[in-house]
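Asker: Here is what each chain is made of, one letter per residue.
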Amino acid sequence: MKGTRFAVFGGVYNNHLSLKATLDDARSRGAQELFCLGDMGGFGPNPDRVFPLLRDVDDLYVMQGNYDHSIGNRLDDCACGYTDPRDNHFAQISYDYTLENTADTHKDWLKQLPGTFRKTWGRRRVLMAHGSPRRINEFLWESMCPDAFLASLLTDAEADLLFVTHTGIPWKRRLPDGRMVVNVGAIGRPANHGQTTVDYALVEVKDREVEVSIMPVAYDHQELAREMREEKLPEEFVETVLTGWWTTCLEVLPAKERAAGKY
Amino acid sequence: MGLLSARDLIRRAKEPATYDSPVLELEHLDTLWLQVTGTLCNLACLHCFISCGPNNDSHDMMSLGQVQEAVDRAVEEGVKEFYFTGGEPFMHPQIREMIDCALEHGPLTVLTNGILIDEEMAAWLGDRFRESRYSFDLRVSLDGTTAAENDAIRGRHTFEKILSGVDRLHQNGINPVITVTTCHAELGAEAGRQRFFELLRSRGLERPRLKFLAPFKIGREERRGGGYEDYERLKKGDLNEEAKESLQCSSCRMVTAKGAYPCPILIEVEEARMGDSLDDALEPIELNHPACYTCFVEGVTCRT
Chain A
347 MKGTRFAVFG GVYNNHLSLK ATLDDARSRG AQELFCLGDM GGFGPNPDRV
397 FPLLRDVDDL YVMQGNYDHS IGNRLDDCAC GYTDPRDNHF AQISYDYTLE
447 NTADTHKDWL KQLPGTFRKT WGRRRVLMAH GSPRRINEFL WESMCPDAFL
497 ASLLTDAEAD LLFVTHTGIP WKRRLPDGRM VVNVGAIGRP ANHGQTTVDY
547 ALVEVKDREV EVSIMPVAYD HQELAREMRE EKLPEEFVET VLTGWWTTCL
597 EVLPAKERAA GKY
Chain B
49 MGLLSARDLI RRAKEPATYD SPVLELEHLD TLWLQVTGTL CNLACLHCFI
99 SCGPNNDSHD MMSLGQVQEA VDRAVEEGVK EFYFTGGEPF MHPQIREMID
149 CALEHGPLTV LTNGILIDEE MAAWLGDRFR ESRYSFDLRV SLDGTTAAEN
199 DAIRGRHTFE KILSGVDRLH QNGINPVITV TTCHAELGAE AGRQRFFELL
249 RSRGLERPRL KFLAPFKIGR EERRGGGYED YERLKKGDLN EEAKESLQCS
299 SCRMVTAKGA YPCPILIEVE EARMGDSLDD ALEPIELNHP ACYTCFVEGV
349 TCRT
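Protein chains in written order, with the numbering used here: chain A, 347 to 609; chain B, 49 to 352.
Same shape as in the complex, but just chain A (with noise of 0.2 Å):
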């Protein structure tokens, strides 16, 4: 018999084509609820395109990420604060062109989103967050996570099963006392990994018990750097739409995911 299904995601980053096509495929799967864990804006083209596929939709649950929460209050920068002066370049433009295309009925719904969710899955005591339980803003990368550290993280929130994004890049994993940590990835960017793919968590209660898969979503990627191009974004962001491969703001990446991707 089949289990209760609920999709997580994060990491729109503009990309109304991908959050559609994730919305469906969730849908397709049986979802039963849907969590977005936040980032609406970023990178792609045409930021009020995602809105009406996430604002008071029944079945669907969103939260603000440090992106929204900047958009938001209308602040200067995205605060990424790079060394390199390259990377502090294309932050800037993907930040300002989504601010100034952001209407304001939009923003003020981004400034007012909760900034996490609690469930109880089977007996899993779930949270959901941006990027950590205990910020917004901190990366949960895999090659950073000793399993210890995921455990304190998950004993001090009271919680079995954790939901995180904001790295853009996805990954689980299971603790040797069952509990489990999940980074949905992103939906609105491909993983750094050469594949045009977009990432979201599929869930599965069953007989108590919660089982999580990655699923790839394929969507348009050749409309969106087509719109891309139109709305004169860097060509450096539609490489990425089109190989898969990150190729600015890199700085954030620890050693090991950075010698994974071509850049």
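Hints listed in this document are in silico derivations from the structure and should not be mistaken for laboratory results. All of these numbers come straight from a predicted model, not from anything done at the bench. Heads up, a few of these hints could be off.
List time: in silico DSS-like cross-link candidates among lysine-lysine, alpha-carbon distance up to 30 Å [claimed, not checked]:
#: 1; chain 1: A; residue 1: Lys457; chain 2: B; residue 2: Lys292
#: 2; chain 1: A; residue 1: Lys453; chain 2: A; residue 2: Lys465
#: 3; chain 1: B; residue 1: Lys306; chain 2: B; residue 2: Lys283
#: 4; chain 1: A; residue 1: Lys602; chain 2: B; residue 2: Lys283
#: 5; chain 1: A; residue 1: Lys608; chain 2: B; residue 2: Lys259
#: 6; chain 1: B; residue 1: Lys209; chain 2: A; residue 2: Lys602
#: 7; chain 1: A; residue 1: Lys608; chain 2: A; residue 2: Lys578
#: 8; chain 1: A; residue 1: Lys608; chain 2: B; residue 2: Lys209
#: 9; chain 1: A; residue 1: Lys552; chain 2: A; residue 2: Lys518
#: 10; chain 1: A; residue 1: Lys366; chain 2: A; residue 2: Lys348
Fit chain B to the known structure of chain A by using the hints.
Answerer: Then chain B, alone, in the frame of chain A:
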């Protein structure tokens, strides 16, 4: 961030030098620093804030057992990452065992001048980099984009030796983080940073990784660039929640052969010693040293 306004600085400068220092809790032990080679170094850089050198045995080398003990204790606290420093870590005869010990439990960064990383060591490090479950990083210090600029700080002929070490790491699949201490303020500004990116790209490192650090006016640097002024102290009320979080001592501790300390900067300050082991160092600390002022004002973190 932690910046004081000009008015605050002027007010501070006029006040008498009596201070009521802020107290900072250890929020969580995210970072464990290990002074694996103590204060022993193959170089004697003019800006070294703990005056490391070939003849400084103020902190002895740590034994493998001491490293293992500190790592195990930190794992119990849910530590997130390890850093090895010195001195020069590659002077330690058991550095490989120490690297393996830390990497088994979490990500590790080793701070080095790169000079002792020969072909064989670079190949071994490359293997570890590829095979380890957690991220393994090397951070190589370089203090100029020309031999004249760098060697004036780090010693004669070090520029080429350091870059040769970087080349060997690169040839073995490791892209180290080049760490620059901004003794000359222009090095930290955008044009100065750009010069380092260009230098490294010209050496074939297509994706340079860099970190810029403000100097601390203690140790040998105090003699080179001058010490702290009386007003350069933190006071109660200076720290809001954001500033507390940005100070790395809210989430790190340092262990040396001599005991445990709040951070890597203060190990030569006797009053900063918190006890014999990490167990004694989980208490809150008082930010009463002028170097604390540098971390706060410059937003310094020793983490990569």
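Asker: It remains to establish, for every hint, whether it holds in the given structure.
Answerer: Outcome of the hint check:
no.	hint	result
1	A:Lys457 with B:Lys292	holds (25 Å)
2	A:Lys453 with A:Lys465	holds (27 Å)
3	B:Lys306 with B:Lys283	holds (29 Å)
4	A:Lys602 with B:Lys283	violated (40 Å)
5	A:Lys608 with B:Lys259	holds (21 Å)
6	B:Lys209 with A:Lys602	holds (26 Å)
7	A:Lys608 with A:Lys578	holds (24 Å)
8	A:Lys608 with B:Lys209	holds (28 Å)
9	A:Lys552 with A:Lys518	holds (19 Å)
10	A:Lys366 with A:Lys348	holds (25 Å)
The structure shown violates just one earlier hint, number 4.
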